[in-house]
Amino acid sequence: MSSAGGALIVTLLTLTLIKSTPIIYAALGGVISERSGVVNIGLEGMMIGGAFTAVLFSGMTGSPVIGIIAGIAAGALLGFILGFAATVFKVDQIVAGTGINLVAAGGAAYALTLIYNQPGASPQVSALGNNFWILVAIAFACAALLHGVLYFTPWGLRVRACGENPRAVHDAGLHPLRLRLYAVILSGALAGLGGAFLSIGEVNIYSDGMTAGRGFIALAAVIFGRWTPWGATGAAIFFGFFEALQYVLQGHISWLPADAMQALPYVAALFAIAGLVGKVRAPAADGIPY
Amino acid sequence: VGRHVHPRPGQLTLGMVTDVGGLGDKSFNDSAYNGLLRSRADLDAYIKVLQSKSAADYQPNLTVLSEARFNMIYAIGFLMGDDLQQVAHQFPQQNYAIIDDVVPAPNIISVTFKEEDGSFLAGALAAMVSKTKHVAFIGGMDIPLIRKFEAGYEAGVRQIDPSVKVDVKYAGSFDDVATGKELANLLFNGGADIIYTAAGKVGLGAIDAARTRPQGYYIIGVDNDQDAVAPGKVLTSMVKHVDIAVFDIAKGIQTGHPPHGHVVLGLKDRGISLTDFKYTRSAISSAQLQTLDTLRKAIIAGKITVPYTREALATWKPANL
Amino acid sequence: MSYLKRTLGGPAGAILLAFFLAAVAMLVAGVSPLDGFEALFIGSLGGRNQIAETLVQTTALLFPALGITLAFRAGLFNIGAEGQLVIGGLAAGALGAHFAPATPLAIFVLLAAGFVGGGIWGGIAGWLRAQFNANEIISTLMLNFVALAVANYLVSGPLKASNASGAETTPLPASSYLPTLIPDTRLSIAIVIAIGAAIVLRWLLKRTVFGYELRASGEAPDAARRNGVNMPRMTLLALTLSGAIAGLGGATIVTGVLHRFNTQLSPGYGYTAIAVALVGDLNPLWVCVAAFGFGILEAGGLAMQALADVPKDAIHVIEGLIILVLAARRYVATRAEAAPI
Amino acid sequence: MEAREPLAPDAPALELRGIQKAYPGVVAVGGVDLDLRAGEIHALVGENGAGKSTLANVAFGAIKPDAGTVRAAGTVGLVHQHFQLVGRLSVWQNVMLGREPRRGWRIDARAGRERVRALARDNGLEIDPDAFVDELPIGVQQRVELLRELEREPAVLLLDEPTAALAPAEIDSFFKTITQLAARGTAIMIVTHKLHEVLAYSSRVSVMRHGKIVARFETASTSVDEIARAMVGGELPQVAQRSETAPAPRFSVRNLRAGTGSVALNGLNFEVRAGEIVGIAGVEGNGQTTLADAIAGVIPFEGEMQRPPHTGIIPQDRHREGLVLNWSIVDNTVLGRQRLPSARRGILVDRRSARADAEAIAQRFDVRAASLDVAAGTLSGGNQQKIVVGRSLLGDPEFVLAYQPTRGIDVGAAALVQSRLIEARNAGAAILLISFELDEILALADRVLVMYRGAIAGEFSGANIDRGRIGNLMAGSSV
Ligand SMILES: Nc1ncnc2c1ncn2[C@@H]1O[C@H](COP(=O)(O)OP(=O)(O)OP(=O)(O)O)[C@@H](O)[C@H]1O
Ligand SMILES: Nc1ncnc2c1ncn2[C@@H]1O[C@H](COP(=O)(O)OP(=O)(O)OP(=O)(O)O)[C@@H](O)[C@H]1O
Ligand SMILES: [Mg+2]
Ligand SMILES: [Mg+2]
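Protein chains in written order, with the working numbering: chain A, 1 to 290; chain B, 1001 to 1321; chain C, 2001 to 2341; chain D, 3001 to 3479.
Calculated from the structure, these hints are not laboratory results. Backbone N, C-alpha and C define an ideal beta-carbon position, used for all residues, glycine too. Hints are supplied without guarantee of correctness; some may be wrong.
Listed next, the in silico DSBU-like pairs over lysine-lysine satisfying Cα-Cα at most 30 Å (straight line) [to be verified]:
1) B:Lys-1317 / B:Lys-1268
2) A:Lys-90 / C:Lys-2206
3) D:Lys-3064 / A:Lys-90
4) B:Lys-1317 / C:Lys-2160
5) B:Lys-1278 / B:Lys-1303
6) B:Lys-1053 / C:Lys-2160
7) B:Lys-1251 / B:Lys-1268
8) B:Lys-1165 / B:Lys-1303
Taking CB as the label site, the calculated pair distances span [what the hints assert, rightly or not]:
9) A:Ile-288 / C:Ile-2042: 37 to 43 Å
10) C:Pro-2232 / A:Leu-256: 31 to 37 Å
11) B:His-1257 / C:Phe-2020: 34 to 40 Å
12) A:Trp-230 / D:Gly-3468: 53 to 59 Å
13) D:Asp-3373 / C:Ile-2199: 20 to 26 Å
14) D:Val-3214 / C:Phe-2020: 19 to 25 Å
15) A:Tyr-151 / C:Phe-2020: 30 to 36 Å
16) A:Leu-114 / B:Ala-1228: 21 to 27 Å
17) B:Asp-1269 / C:Pro-2173: 37 to 43 Å
18) C:Gln-2131 / A:Ile-288: 40 to 46 Å
Let's have the full structure, built from the sequences with the hints guiding it.
And the structure:
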């Protein structure tokens, strides 16, 4: 029994890691963007862009590594669009993010028909296979790196200042809009990587709807993690854990219907935020165009 | 880029309204679409597909096609019944067919499938082929249609060997491919060696899980023939021939003898069937094939009544053949 | 750059740009933009039935957008309108299927059920925020997922119509349908209720002490708190009311359009409504206009499939582009003026 | 950090020529020429809304003028009237932002901290480099702003009402810093309403009125009266006289405990009677803010508090706590009074009376605004303050909490505000006045409570009010 219990725990932890990884990437992207003062509700779309482009390029070149890089680039491009809209045109960031989500989801779905002449899902392409564990590890490295950048480098300090009071940043002789633009591009790159992880990291195809709201969960993880890289990572793992738990438990608790199980991560999150009494404060200038 | 194509006079015109799953669902919408494509190729039909984003779109989509007087309009999906009934009432001269639901009206052909029968065979096969005496099922969402697959499958397993364990998991989605892979790995690691999926694109992830495993782990595909997605890893596919139904209706219209009323397709008329093990023949003994055939005939002959709800499954006893 | 900004700034420039981008998207889709736009407008405004369908979509977006408007004005980011709408629809559908009295009162009761259901769903987030300072963005988002799970469970099991092959409630008796506004269309008096709600909301925000305090809490929470606004209570009230309006919208879809509840009720109205509310400047009357614009896109988009063979996915791209450009216009147009209302 | 090459004394450091800037309905600056010389301290004075902040912002480059040129001999620094700090960064991070010392790819935090500590020490500004700015009292935030500019060693330093929030002792050390800086060759322009500071520290004075410079004096050869007359274009208003009132307790606290740390209140007992102004004297940071927060009901407290329903509150921070900056003056007039019968009609806000009230405030306090429908945020700082004060005194409040009521208000208007407070007192209001300016307290209060470390260290009333003893108690020495 104890060895079975041990195996169960290993299964649970493994699944937790896999489930968390794409959310970690997107949530880290959310952290950097929001710390600079740009609400990124377009994370979902950026994940979609990354997931699709990774498949496209992996399929064209046969190299999943190139696919991953292309996925990152696609996310960054969408980040650039959001960033450009949010800084130069001072578009309402939530509206722009919504637009990004629609364009990315529609664009990827349409490209499937256009390029592969088959709606719904792409053909199979070469994927990372078991090497996807490297990307799991890199997610944590990214968290560490982002922590280092945000808290220890001049650029990070400036980005954080930008999310609090862009005018002060401007008065210090810096360029808040440029800082925000770069931050959102980076945000998109990370979310794109999260998407690429889903499509050619875990599996080997792109399929419509495959991001399944992970970008939104990542957004919640950003807030849940109090806008810090490790906090967001922890929150992503929280979601990953409860997702994993519900899948592992399904079928073992017969009186609970599958739908109740599927709501588990969300209900757990509700309890968790209720338990986290105290100040959870967004960056002061988050979402406010400068 | 020219103006869009219109049907030529006298050309057979076929319209189709998808449910919210849309084209690319790797399930009944895709299968129906294949039927249309075949009608276009073989019957020289003009075809048009309208996809729906929500339940509110069904009625406008059906209305648009009705106003354009298509020879036949297919409503694909089990939530379109009420809307179709209303539209069909407004256009009494128009012919309609609905897949997966039954709508009693003179101008509507209802086509339903005995998914549970095919699933029963899938379960029986899984129970016979399994080395670990442990098989599994992955459903998309926990809804009545998918429970038909689940119940039939479990009954099939039980028919062969009640001691074979059946794990059941629901992905909560029909699109989340990655979760399909994770669930399949979870089930494989938990001891199952054959997994039947009824989960749309989630099943693609499950197939990928089998692909990256050594010989002996199988997925049983669903709805369409998925055997070639990962040759040798998809034991068989439980195909629901919406395409054939769609094509047959089109052909009936053309020849002036369309079916009418409620058409139930099952193993007998090959509306439901298992694919023929092109890549996995070596994993199945002839005795097992024999058993499978016996079961198929027994179902057709009514000697086995396959349960299609969990309640029915709970009290269901293997048939004594 | 400033020249570009100015050109884009005018409404004409923005609309031109939106159309240009949409045209490019159509060309990529292999459709003549002329056909596409013709289909878009014929399909949405080209006749009685088309206008009716456009207004059906408008209504479906307007309720959640008004709810969102109310919450956003209070400084609360309610992104849970989708869940509130679903729960409202579920409440109306469940009640209508099982306990509907066969009198005109039934309609009122069903709408009230939706209002209360959505209100409870929004109120949960409000309570969590007021009591535990739980961030409402997370809670409303999580509640969306929970709402769908609850709805799916109920209509697949306890509330499933016994003779239906799909997961849905028993259809409502015709006596509890919302009366139609234009005969032989699906346009019900829900649009009138929605516009009425917008007018009431505007009055509430602009004229009443409650609205005054609500706007103060949104614009300057520190000042509001220090000047006698009971912030926890305001939070609870605002999110409850916000959810209730969205829930009412769900109930009108059930009683006015589908005449039963199922989980395909919404293609994400609650999410699109966020953009509607913001494009409408969080001003109830402009939100009505924005909802109409989005209604044209939704209904016309459907028609583009039928009339111009524009695929569904390309329509999403076009919608997304138009939203992006409209948002830019909103900024330039409103920056000069002070706050709305 | 290499030192800037100092300018020769009296070399022109900043030249403003023909500066004009108009906003809808107002000409904020209407053609101003101004020269600053290296090493001088130039005072810019004028009524609220005269255009001083606008001019400073134009000189700094934050506002683009409609016409005119700005020429500077080096970098220009500006300390804003409303601070521009990053609340959630520490003091040293704010000061070093954009000029962070590095070690490899990292910020050298130790060097940054040391730099700020040294800078603070050299300039006689006491500060903890690691404190988070949003946890600092306003006076200390002011120091951070100043440090940030000092760090940049600007050729020209513009200071917009830098002493408005400083305690008297801080003001002295602040001017010592400024004088030193000037001695090193920096040209300094200081906007202020405190005319005795002008006399004590500046070398020249420019007086602005309605967007123009209307007078210029050499400080050595002018007087407060002369400057004041030039400012208001006539005589200063007299502060109203106190009259006898019948005392009846209106506001009281028993054993009031609130807050934490050094600003915690440990069991306050006092009352304010109708027709009485009670002044709370004390150095900032001894619990005054905690007391104000407890009275306003924004922090929890223990003990008893009797507060009449009709209370007027003048908060410390008009921007954050007093106004909805995006709202019109009329709408802001209702804030805090929205539940009072006089401000509403049933469940509706009485908009007609709101407008009438706004008009009354504008008239009684001489508010300078293009119209009553402009956003409060577009008003000059002093005029914003007038709105907040005026609103709190509307409709004969029973109790008024006045926290630094004349902060940032010009001398003429300050006399008005003080008069209005006394008139309210004469009409029977109980007024609790918290101020860091002992002069103001002595001028207004019937009774003075000295607050030290969250407790009342002494009470003085009538003839017993003794400036020296109060000063000692404020500094913490027992009598
Ligand atoms: N952004 C703005 N929009 C509209 N009007 C403005 C704006 N900024 C300033 N003003 C107006 O310009 C005039 C000058 O304002 P300014 O802030 O320069 O005055 P000030 O002399 O600094 O006054 P105070 O002593 O009260 O700070 C005022 O009438 C003010 O209302
Ligand atoms: N801050 C206040 N100052 C003075 N009077 C107040 C204040 N708050 C409420 N009141 C008075 O209390 C009474 C109740 O007002 P109102 O109904 O608006 O309050 P409420 O909190 O909404 O009440 P309820 O909790 O019953 O809904 C009114 O007569 C109002 O004048
Ligand atoms: Mg009330
Ligand atoms: Mg000023």
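Hints, verified against the model:
1. B:Lys-1317 / B:Lys-1268: holds (22 Å)
2. A:Lys-90 / C:Lys-2206: holds (27 Å)
3. D:Lys-3064 / A:Lys-90: holds (20 Å)
4. B:Lys-1317 / C:Lys-2160: Holds, at about 27 Å.
5. B:Lys-1278 / B:Lys-1303: Judged against 30 Å, a Cα distance of about 29 Å means the pair holds.
6. B:Lys-1053 / C:Lys-2160: holds (22 Å)
7. B:Lys-1251 / B:Lys-1268: holds (20 Å)
8. B:Lys-1165 / B:Lys-1303: holds (25 Å)
9. A:Ile-288 / C:Ile-2042: 37 to 43 Å: Given a distance of about 41 Å, which is inside 37 to 43 Å, the answer is holds.
10. C:Pro-2232 / A:Leu-256: 31 to 37 Å: holds (34 Å)
11. B:His-1257 / C:Phe-2020: 34 to 40 Å: Violated - the Cβ-Cβ distance for His-1257 (chain B) and Phe-2020 (chain C), about 52 Å, lies outside 34 to 40 Å.
12. A:Trp-230 / D:Gly-3468: 53 to 59 Å: Hint holds: Cβ distance 56 Å, inside 53 to 59 Å.
13. D:Asp-3373 / C:Ile-2199: 20 to 26 Å: holds (23 Å)
14. D:Val-3214 / C:Phe-2020: 19 to 25 Å: For Val-3214 (chain D) and Phe-2020 (chain C) the Cβ distance comes to about 55 Å; the hint is violated.
15. A:Tyr-151 / C:Phe-2020: 30 to 36 Å: For Tyr-151 (chain A) and Phe-2020 (chain C) the Cβ distance comes to about 44 Å; the hint is violated.
16. A:Leu-114 / B:Ala-1228: 21 to 27 Å: holds (23 Å)
17. B:Asp-1269 / C:Pro-2173: 37 to 43 Å: holds (38 Å)
18. C:Gln-2131 / A:Ile-288: 40 to 46 Å: Given range 40 to 46 Å: violated, Cβ gap about 28 Å.
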